[in-house]
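The listed protein sequences correspond, in order, to chains P and A. Letter 115 of the first sequence, counting from 1, is numbered 115 in the numbering used here, and no numbers are missing. Letter 45 of the second sequence, counting from 1, is numbered 45 in the numbering used here, and no numbers are missing.
By construction, these hints were calculated from the structure, which means they are not laboratory data. Ideal Cβ positions, reconstructed from N, Cα and C, are used throughout, including at glycine.
Rough simulated footprint, nothing fancy, chain A against chain P, three-plus residues with beta-carbon under 8 Å:
#1 137-150
#2 249-257
#3 418-428
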Amino acid sequence: MGEEGEGRPPSEKVPLEKVNDYTWRIPKYKPGMRVPGIIFADKTLLEKMQTDRTLEQCANVAHLPGIYKYSITLPDGHEGYGFPIGGVAATDYNEGVISPGGVGYDINCGVRLLTTNLSEQDLKPRLVQLTNVIFENVPCGLGSRRKDFKVTIHDLDRLAMEGVEWVIDQGLGWDEDAEHCEEHGCMKNANPDKVSTTAKNRGLTQIGTLGSGNHFLEIQKVDKIYDERTAKAFGIEHEGQVTVMIHCGSRGFGHQICSDYLRVMERAIHKYKIVLPDRELACAPGNSNEAEDYYEAMACAVNYAFANRQAIMHWVRQSFQQVFKEDPEKFGLKLVYDVAHNIAKIETHKVNGEQRKVWVHRKGATRAFPPGHPEIPAGYRSVGQPVIIPGSMGTSSWVLVGTEKAMEISFGSTAHGAGRMLSRAAAKRRFYGGDVKRSLEQRGIAVRAASAVVLAEEADPAYKNVDIVAEVSHKVGIATKVARLVPLAVVKG
Amino acid sequence: MPKKRNFEFLEHMADAYIVAYGRDLAEAFENAAAAMFEVMTDIEKVSPEVDDYVEVEALDEHALLYNWLEELLVKSEINEMLYSKFEIFEVTKTAEGFRLKAKIWGEKFNPEKHPQKVGVKAVTYHKMEIIKEPDKTTVKFILDI
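Input sequences plus hints: build the corresponding full structure.
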């Protein structure tokens, strides 16, 4: 074990061919690989991936039955379970498979961004107060919940079927919010009958909570605008403008659904005689009952996560109202977009010149649809889909925009975040939660956290530089830079 | 009070990588459970006030470890409990695989008393190992956090 947590050495040497400065290819070097692997990274990011099993996992994913073109690893790629985090794989709708490992435990872990019409100066005198009020209003950390937001098991089924709309119907949100979410905040195929009682019980105690780990809520400002026309379309008007970012997922509800269906898929690979190099790639043929059950249960978790972020956003709006004693509408507080980072979808993509219906797995990846795509909100259709990439605590975050190039080379996907550089254990040895808080505060960033340990583990040197991740996405062209955001205040679990 | 701690945290990039030891499988599993709650809080501060029973079954020993830890995680979340003492009094081979029975002790989560560390999302099979030697069993596993 390296003192600075350089990760475990890869268990095998994965051959690589350079395509260009930002694209690398893993040839079909193992007999079971059906397609090659493609890595989008610069040399530094690639070298980091070579210190753990990221590339091996990329090659393993290339074994999935029905996989098209190549197994993709994005610039923020790092070792995950089965799939690398920062992985994309598309398989044929009929001949291919769907794998819960290609989505991950935190189904629809994702992020939403709000704009305000305030500038940094307007907020500054109230920043600490606002941060404290948000920390009071948004439950975060272990076992936290709001006393006034209880859902019954019957409500939970409705929420799982209707997503954001159900939360808005409860008075938590504005009608236009749903339009500005991926899938309009609701996957229609959700079926709560496919979700275990255990998952529902875990879901009941955690709806409307931020959670812990890498999840966070930040008040930010626009640091730099790179693409003015697109920024304007997204409501990003000027540098210094205040924004709010919410990053969390489907909590224990999604984790349990993933776990339950990994068991189902383990049986399925025996039943359908699917041979895989890793237990955690377990999957089922797209046209099987197992696949249908998983997809319907997964959609419930997707909707739960959209609903979760919707409720949290409502409490952020309320917090502005509490602090400024005026209607939240006065400050804008408009939802720019809500994107999923862990999801599987049925989409149509061009493969070898033909339109194909595919299962797209995005695990630690953001959909990045181009201008004109019917799936994106009308207001953004002339510029493309907003792509929101949160950085680590205390660093920058990015707004990018989806492109035609992403449709051509990455099944309409790009990166999702920074990706860790240091293990949690190494970060804890190097940093102390109290110091991390002080150093953020010295930079003028307000901090409230439920756990000092989380602060140390999430200290920003523990992460890859998100600016490089955004830069590689931009250079490759799978989502291009619109604006960079920097934090004014951080709320952590 | 909890038995002497017999677990360590290993290096892992994103998550908690744990090694736990015991004289036999049952003791190693008990220490694995203690380690999982040490990820979430300081288990020294969790009094063994309330007890509960756990029974899990699995096809193989890896799945038994997974199911044991997941059952504790589920109980902890649903009942808003933290656990600090674990006694596995039976691990039997059945026709379908294995069965584990245990008594566990802990108390209701209290943010005033229990320091908050990191929530555990899930148990995983990634790099899971169960190494049996004559007087020692070692288990390694990763928790997704």
